[in-house]
Amino acid sequence: MNRTLYGNLIFELSKKGRKGYSLPQDYDRTHTTAELPEALRRKEAARLPECDELTVVRHYTNLSHNNFGVNDGFYPLGSCTMKYNPVINEEIAGMKAFAGLHPLQPAVTCQGALEVYYNLQESLAELAGLSEFTLNPCAGAHGELTGLMVIRAYHESRGDVRTKVLIPDSAHGTNPASAAVCGLEVVEVKSNANGTVDLEDLERLVQLEGPNIAAMMMTNPNTLGIFEPRVLEITEMVHKAGGLMYYDGANLNALLGECRPGDMGFDVMHINLHKTFSTPHGGGGPGSGPVGVRKGLEQFLPTPRVKKVVVNYDLPEDGPTEWEGFIIDWGANNEELRTKNESNSDSDSSLFPPHPSLGSVGNFFGNFGVMLKAYTYILSLGSENIKQVGPLATLNANYIKERLRDSYLLPIKGLCKHEVVFDGLVDKSTGVTTMDVAKRLLDYGYHAPTIYFPLLFHESLMIEPTENESKETINAFIDVMHKIAEEAKTDPELVKTAPHNTPIGRVDDVLAAKQPVTTYWKAKTE
Amino acid sequence: MAKFEEGLRYSESHEYIRVEGEFGYIGISDYAQHALGNVVYVDMPEVDDEVTAGEEFGAVESVKAASDLISPVSGTVVEVNEALEDKPELLNEDAFANWIIKVQLSDPSELDNLMDKAAYEAFCAE
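Protein chains in written order, with the numbering used here: chain Z, 230 to 755; chain F, 28 to 153.
Each hint should be verified, as a subset may be incorrect.
What the hints assert, rightly or not - Residues from chain F that face chain Z, not an exhaustive set, calculated with beta carbons under 8 Å: (1) Ala62; (2) Asn65; (3) Lys91; (4) Ala92.
To be verified - Lysine-lysine pairs mimicking DSBU-like chemistry, simulated, CA-CA at most 35 Å apart: (5) F:Lys144 with Z:Lys419; (6) Z:Lys657 with Z:Lys244; (7) F:Lys114 with Z:Lys718; (8) Z:Lys718 with F:Lys144; (9) F:Lys30 with F:Lys144; (10) Z:Lys657 with Z:Lys245; (11) Z:Lys657 with F:Lys30; (12) Z:Lys248 with Z:Lys657; (13) Z:Lys751 with F:Lys144; (14) F:Lys144 with Z:Lys657; (15) F:Lys30 with F:Lys129.
Don't read these hints as lab results, they were simulated from the structure. Just so you know, even glycine gets a beta-carbon here, dropped at the ideal spot from N, CA and C.
Model the full structure from these sequences, guided by the hints.
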């Protein structure tokens, strides 16, 4: 690999007139744009880089080596559950029988795929302790929005106008964002000294906002990795006020197989398949955010949905035969109803009662490839092994917590769940920050943990090891963390100027945030 | 170390107010700018907007986090510090000299709910 040469920007590797392609001799180059209106036609050639094919291949291969993923090394990004993405998941999702499907092909031609889809809905419902799931939402925050829309639809169906959502101050930023997108107002609930929900503050808010409370959104364990010990009292308090409980499944990995949100009193939740169920994040994604509801809310779930039916045939030769199959419920024509409702928003909207289902929230059925991977994961583990996920993730996080607390400040003592939050170094005298520690970790070949979140502490350093890591990997990480804490005392400049061993050194965060230059030609001309 | 200035009133969410007659200059404390790190954007209200004690009136974004600005008093915005639009880093350079909004107080008794320098310093030390 020649990083010096091929690590340059593709624009810098460009040579005027060099081509990595050849067009047929009779290719008419005016053909493609001739039909376009004059105003839309390009006046001068696009300044695309011009390179030979091998240079392009080497350039991008080079770039790919700069990437860091779960397959490269330990990736303890807190709140993200960067667990291993088993190869068998890819194998199953890549099968032609699945990958070649079209979402509009008749149900009778894809019974196997529908069966997987249905079984995943059922498996998630079982693991969550809820009644039914929709797999349509395409990511976690998309699931949150869908879940809140279900909650809003539920209240509206009862003629109950409720606009407030209670959210703990430690919550993920997506919670208030989703509530706002759903047209609901956020009311913040304080945390107590243990980092969990302050029940006195909650009681006060329930008294104050009572009939306005549409829902309370919670993660459990919360963003500090702490289990909410009084969750049953919390759900009861909100239910008494007529609100529903929403469970943000971001931290479900801690509980998987051990306890279920439905049993804690939650009514609606989303699951991140790309966290808890081992499907890839980011570039390897996309995500998937199934939403589950307790009994009595199923009718509000979006469509399309996959349902199981049993049909009895009386066959000429075999006599009465029972056939089990899967059908697609495309839902009523919600779009039309919704449009009518909106155009009549000033008049009596009860003239057009909405169909209880939300209708479509995305493209067809959601990200089916991701569902195949999640279902493969569930079947690979089986009901016995899946019970070990939460306990092992919890054990790993607590092991790291106990072994690092001499060097890193532990603001909340006691048992954590799947992740642990430190508040920077114990010894901050040399001015080395959490950011510096994170950058220095890159030098040692580790992905940095989540930093400066949650916002409850100024120097948050949030480590989530997941259940997959061996003791050797975790020990090696702990040793490096101690080494960095030592370096912060003996050679603080080394840490403050890190990373030193990466292709690009310390980047200028401030300049990047204030004056982002996102195109090569803009950078050249400014 | 963070500086604390005499003669100002402070809130638990780390805003200060410098009262001059019926007007007050509201900004974030030096402790707050330290905790936030390099400020890259300040979201401010517009002149004539109403602000309410305990409610959000804008936000400060740093490379670490985005943080709501909570008004320590109620009143009407009479001026915003436009210099912060182009140079948000002024908050890091001198948080007390670079106030964010100037408000006409509608209820000066609200000032009694705020902390003085000594109380705020003790609050930050907790």
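Comparing the hints with the structure gives:
no. : hint                   : in the structure
1   : Ala62                  : holds, 5 Å
2   : Asn65                  : holds, 4 Å
3   : Lys91                  : holds, 4 Å
4   : Ala92                  : holds, 6 Å
5   : F:Lys144 with Z:Lys419 : holds, 25 Å
6   : Z:Lys657 with Z:Lys244 : violated, 51 Å
7   : F:Lys114 with Z:Lys718 : holds, 34 Å
8   : Z:Lys718 with F:Lys144 : holds, 33 Å
9   : F:Lys30 with F:Lys144  : holds, 10 Å
10  : Z:Lys657 with Z:Lys245 : violated, 54 Å
11  : Z:Lys657 with F:Lys30  : holds, 18 Å
12  : Z:Lys248 with Z:Lys657 : violated, 55 Å
13  : Z:Lys751 with F:Lys144 : violated, 48 Å
14  : F:Lys144 with Z:Lys657 : holds, 25 Å
15  : F:Lys30 with F:Lys129  : holds, 22 Å
In summary, the numbered hints that this structure violates are 6, 10, 12, 13.
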